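Visitor: Residue numbers (our numbering), protein chains in the order written: chain A, 1 to 683; chain B, 1 to 683.
Calculated from the structure, these hints are not laboratory results.
These numbers were taken from a predicted model, which means no experiment stands behind them.
Positions of the beta carbon are idealized from the N, C-alpha and C atoms, including for glycine.
Treat the hints loosely; a few may be bogus.
Lysine-lysine pairs mimicking DSSO-like chemistry, simulated, CA-CA at most 30 Å apart [as the list claims (entries may be wrong)]: (1) 452(A) with 497(A); (2) 195(B) with 672(B); (3) 474(B) with 453(A); (4) 478(B) with 563(B); (5) 452(A) with 484(A); (6) 453(B) with 453(A); (7) 452(A) with 563(A); (8) 453(B) with 474(A); (9) 329(B) with 318(B); (10) 553(A) with 668(A); (11) 453(B) with 452(A); (12) 527(B) with 497(A); (13) 453(A) with 527(B); (14) 172(B) with 172(A); (15) 452(A) with 452(B); (16) 563(B) with 318(B); (17) 452(A) with 497(B); (18) 453(B) with 497(A); (19) 474(B) with 563(B); (20) 195(B) with 318(B); (21) 553(B) with 497(A); (22) 452(B) with 453(A); (23) 497(B) with 527(A); (24) 172(A) with 478(B); (25) 168(A) with 172(B); (26) 281(A) with 563(A); (27) 497(B) with 517(A); (28) 329(B) with 553(B); (29) 517(A) with 345(A); (30) 489(A) with 452(A).
Per the computed footprint, the stretches of chain A lying under chain B, defined by three or more beta-carbons under 8 Å from a beta-carbon of chain B, are [unchecked claim]: (31) 131 to 138; (32) 411 to 423.
There are 2 protein chains.
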Amino acid sequence: MVFHVGQPVAIVVARSVREAELAASAIRVEYEVLPAVFDPVEAMDHPSIHIFGEDNVCSHWQQKKGDVERGFADADVIVEGEYRTRAQEHSYIEPQGCIAVPLGFDEMTVYGSMQCPFYVKRAVSEILGYPMSGVTVIQTTTGGAFGGKEDQPSQIAGLAALGAHLTKRPVKYLLSREEDIETTSKRHPAIVRAKTGATADGLLTAVKVDIILNTGAFSTLGPAVLYRSALHAAGPYRVHNVNVQAHAVTTNLVPFGAFRGFGSPQVLFACEEQIDRIAEKLNMDPVEFRERNLIREGDVTTFGQRVDHSVGMMETLKRAKERSGWTTKWKPAPNISLVIEGSRKGSHLWRGIGASTIFYGVGLSSSGEQESRTGAYVQLESDGSVTFAVGTTEIGQGMMTVLSQIVAAELGVDYERVRMAPVDTSRVPDSGPTVASRSTTFSGRALQDACKKLRSLMFEKVAPRIGSAASELKIEGKFIVCSKDNEGKIPVADAIKIMHEERGQVSAVGWDVAPPKFYDNEIGQGKPYVTYAWCTNIVEVEVDVETGTTEIKDVWAAHDVGKAINPQTVEGQIEGGSLQGLGFGRYEEIVFSPDGGVLSNNLSTYVIPTTLDAPNIYPIIVESPWEEGPYGAKGFGEQPLMGIAPAVTNAIYNAIGVRLNEVPATPKRVWKEIQGKMRGSSP
Amino acid sequence: MVFHVGQPVAIVVARSVREAELAASAIRVEYEVLPAVFDPVEAMDHPSIHIFGEDNVCSHWQQKKGDVERGFADADVIVEGEYRTRAQEHSYIEPQGCIAVPLGFDEMTVYGSMQCPFYVKRAVSEILGYPMSGVTVIQTTTGGAFGGKEDQPSQIAGLAALGAHLTKRPVKYLLSREEDIETTSKRHPAIVRAKTGATADGLLTAVKVDIILNTGAFSTLGPAVLYRSALHAAGPYRVHNVNVQAHAVTTNLVPFGAFRGFGSPQVLFACEEQIDRIAEKLNMDPVEFRERNLIREGDVTTFGQRVDHSVGMMETLKRAKERSGWTTKWKPAPNISLVIEGSRKGSHLWRGIGASTIFYGVGLSSSGEQESRTGAYVQLESDGSVTFAVGTTEIGQGMMTVLSQIVAAELGVDYERVRMAPVDTSRVPDSGPTVASRSTTFSGRALQDACKKLRSLMFEKVAPRIGSAASELKIEGKFIVCSKDNEGKIPVADAIKIMHEERGQVSAVGWDVAPPKFYDNEIGQGKPYVTYAWCTNIVEVEVDVETGTTEIKDVWAAHDVGKAINPQTVEGQIEGGSLQGLGFGRYEEIVFSPDGGVLSNNLSTYVIPTTLDAPNIYPIIVESPWEEGPYGAKGFGEQPLMGIAPAVTNAIYNAIGVRLNEVPATPKRVWKEIQGKMRGSSP
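The shape of chain A in the complex, shown without the other chains (with noise of 0.2 Å):
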């Protein structure tokens, strides 16, 4: 049975790609044509269509807390919107695609553009039935991922492999653009319903959220997202009732799954809009309102969690207020009127300044505990130098060069001696997956904690040298010392030496397990993270009124990281996340022909921002240190883009008084708006 548009129904295996295009298009499908849904609101309550169960319901996430309608009785205002997102695509860099070499008649190595070698590991093993020992799965380089590449290439290498198994021979299996826009996973679209109560002093007493996220045909990881919508949905705020209905529905589309954000960006548009709106019928200016709302260190969550360290919420706030002048700059937004009259004038490019602010749950969530375990490998070289391996992988993100200095600050070597052998599942144990901002974070422990054992078996080696016990000993700089005197300095480079000179064991494995996690939805409350990322978004705005168009000119990004371990890495994921953040709340839209198919299939009809495009993007850094994480270090990688979308609505309306319910803010859809309401003010 095929669900929807774009489904594989068969595979081809030939000599060339030609000979494959030629096999395939001999293959003729005769469809029956059956009644498709598209809409989840429909699909909720189909009558006949039943994609996942009765109600096409595949998973339902909640928060509770309070009295939500006690909190509405006791607020001065309310308001209430619905809120509407689309589907976004990945857009890396190469398309899904990867190589399978067959070893035997029960091995099977797959090499391939992915975030999680291990999944494809367990996906190739269960589709061949091969013990998972015969199955090697070695990451080739990444152009990006964005979650694009989290679970589809299980299916990408699981196809391929099937191919090779059956034929004896490698078989590369390398997806066009078209192909991979129209038939692997995007961001979910979603529609959010939010109720927001406040008391006339501007204190936050209520919120409801109602989360539909449209799935598509499978659930895939429609579930684990929309864990994240539900627990990310109203915010980082003080509020004491709070209720949050989350649901994932089955459609006839393809299917959607991961997206940096990870169903944040959706219900946090939805949230900061909320914010906005409710400070305006206060008369607040919307930073404000959040100074006097937003989450302090000792306060507890909407579901829950005591936060009683690493908060750097208000900080992030202050910094990013100040850096963009919101002070001078902030003011009332206009009449359309008077804009319209203003752009008479000969003005017809108006400014206006918008915030978010947002916090984001690091790593995997209870609901991801199982896979919440990292592993690495470290050797130290015959000259000093070091070589060492993890499990999870280098997407684009920089982890690579964050790990190589945690792995050389806890030797004591050079940074540039330091190399990351590539990763391949037969090198450490299953990691878990290169998701939810996790890889810095976890995999840094894993290899401090190899890094310890090193060092122990370094000082007993030194330690009759410098006349001290081993245990005195430590790492200063690239020195070895007494750490009750400072005395007796023995550079790591000749401590390494002797190890190998002397035989000694010269490497390491390292394992972690996260700090423990629980969520209790029955309740709608616990603890789902072991920490939170926090973040301010400020953004400035040209609009055009006579054409819709939107101009982003600067962006204020500040992050609370814990500690930048590289602020260069953390600035530039600070850059891209912004970018693609403007891209999910300005520019791009999947669009579908009537019957599901993906119509803007390539990059030519589904627009991203280019680098003309980007505006000035100022990132802070805010440093409130995590004290389980590597340095203090907490993973934020996805945090940059989860913000953006409402800073930007939020800018236009205090450019041009108009509110925007869905995103993109296309040039398009502004416009429609502006002219909403100037027929809705006009006599």
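Given the coordinates of chain A, work out where chain B should sit on it, guided by the hints.
Guide: Leaving out everything else, chain B in the frame of chain A:
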């Protein structure tokens, strides 16, 4: 300066082989021809040609025990001889070759056919000035090596890496068979002068040996090979007066180096010829003579090492003697005149039987002490299968099979579910070379170390379930049981699944340092090897006295291997080694031109025995366990080759009464000796 014909003088890197050949042919080298020396005896005294130092002697090793002159004075009979052996080519399946792939500005990955990836890693690092962590060497499937891919690939890879470094492109460098035979190392030709004395009742009193190895234009592994020549020269006998002087001498031939047996086949040919001759002089059955003199448990070797365990020498002789029917077959050699007479009577094919008894120092000698360590990595997979990695290589000897068996046995998992990862220098630390029959024993020990750690982790996880202390648990077959009462069985496969489910550490490194060894070359005594393998070869031949052609009919090869972990691969080693030993003793000879170039440069002019030349080979496995080896196993992979040549020449003598002082025993050489003997015996 060019020292030998075939020495590389330039490298050409091009986009195709054809381009490279054209470019190379455009290079004109103008040589000033200098005088050359090819004979090592001439080279030692040469007044003007100095290839190495003043006397061209690049290495000297000795054995000294007792008073050899007094030993000869005590002797009733003395025999003396001068023996010569020729250069032997390894004739591995694929010629030398590798691919060097540059990554970044100081990273290089080398793939190639080789024995010793860590040697290649060091060479490439040194040549390019890259950190050791920047150089990764991965062994590709290697179709035999036999010592020919011990040090040579360092040069091959060094040149390829240099090309890759300069061009910033991957460079493939593959020798043709002709280039390979002409330019790479071979077995050292040797000249051995031996003098042996014995009492009238058949006890050895003194052995004096002078060895000259021709090591060619560069010493390379000459000194290491010479060490083994020196230590094996007096054979596995009880002799109290010994003097062995060994010299490696440089000449203007292609460099000679490592080859299965590593300098011992040359000296064992001489040793076992001497034993046969002295037995004859005493009118004794040569096997009976050996029985009187061979080392037994508790005896001391000629170099002063007491062997008080794992001495299966006599057992190999007993078993080979029985299986071959020696007692009924052996009779004193005929007089050559009678032979010819017999031939004229109709039978020109005469049969004879010969024996040799030899020993082999297992693993690296004390001169390789620094290299005597091995690493391992073992990873338990979620389905109970196991992946492991070691630093020694599979080169056709069956190491992968045997090590997989060790891992399976140590952990209690199915052999079929254990897989070895490709050998890659970034997976385990420098584990020394794959030489000296050390892989099974020493990588086996490192794997045992890693498996022991994993067993502890496993026992800790399941102890609460069994209701015993972890320290009381053990593996029994495929189960974990309490060692007290053999109760509480939990399948190992379940235990591994539990480890994964509970996110326990599932990988470990292993490390092994070989037991200590030493040798004092000043006094010529020591403990040069950790233990010894022992072997008796008995060979039956048929000699055509009209042509000098010999046909090897049967080979009985009894080897004390400590423990045959895999009897089939042990038999395979015995069969392959015996045939290669026949190559050395009967067929193979590199022919040099007058200017020192190799004339027999391909497999139609350099003749090796094929399957059609293979005699019946009867492997006989003797197991005298070495406590420190895995399950008692001792390395022995080289031994099957080592004693074949003298067994063949002794059998030829037994058939036709003609002694050979030189191998291979080609028809031409045998015929020449027959003619000489005839001339000598005719009036």
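Visitor: Regarding the pair residue 527(B) and residue 497(A), is the alpha-carbon distance no greater than 30 Å?
Guide: Holds, because 27 Å separates the two Cα atoms, which is no more than 30 Å.
Visitor: What's the verdict on residue 453(B) and residue 452(A), does the C-alpha distance respect the 30 Å limit or exceed it?
Guide: 18 Å, holds
Visitor: Is residue 452(A) close enough to residue 563(A), meaning Cα to Cα at most 30 Å?
Guide: Measuring from Cα to Cα gives roughly 20 Å; hence the hint holds.
Visitor: Does residue 172(A) sit within 30 Å of residue 172(B), going by the straight-line distance between their CA atoms?
Guide: Cα-Cα ~23 Å, so holds.
Visitor: Need the status of pair residue 281(A), residue 563(A): alpha-carbon distance at most 30 Å?
Guide: 38 Å, violated
Visitor: Three residues or more, CB to CB closer than 8 Å: is that satisfied between the region 411 to 423 of chain A and chain B?
Guide: Since three or more residues must qualify, the claim that chain B covers the region 411 to 423 of chain A holds, with 5 doing so at under 8 Å.
Visitor: Within a Cα-Cα threshold of 30 Å, do residue 453(B) and residue 453(A) meet the stated pairing?
Guide: OK: residue 453(B) and residue 453(A) at ~14 Å, within 30 Å.
Visitor: If you look at each residue in the region 131 to 138 of chain A, do at least three have a Cβ nearer than 8 Å to any Cβ of chain B?
Guide: holds (count 5)
Visitor: Straight-line Cα separation of residue 563(B) and residue 318(B) no greater than 30 Å?
Guide: This hinted pair holds, its Cα atoms lying about 18 Å apart.
Visitor: Is residue 453(B) within 30 Å of residue 497(A), Cα to Cα?
Guide: 26 Å, holds
Visitor: Given the hinted pair residue 497(B) and residue 527(A), is their alpha-carbon gap at most 30 Å?
Guide: It holds: about 27 Å lies between the C-alpha atoms, which stays within 30 Å.
Visitor: For a C-alpha distance cap of 30 Å, please report whether residue 478(B) and residue 563(B) respect it.
Guide: Cα-Cα ~22 Å, so holds.
Hints 13, 21, 24, 26 and 29 from the earlier list are contradicted by this structure; the remaining hints agree with it.
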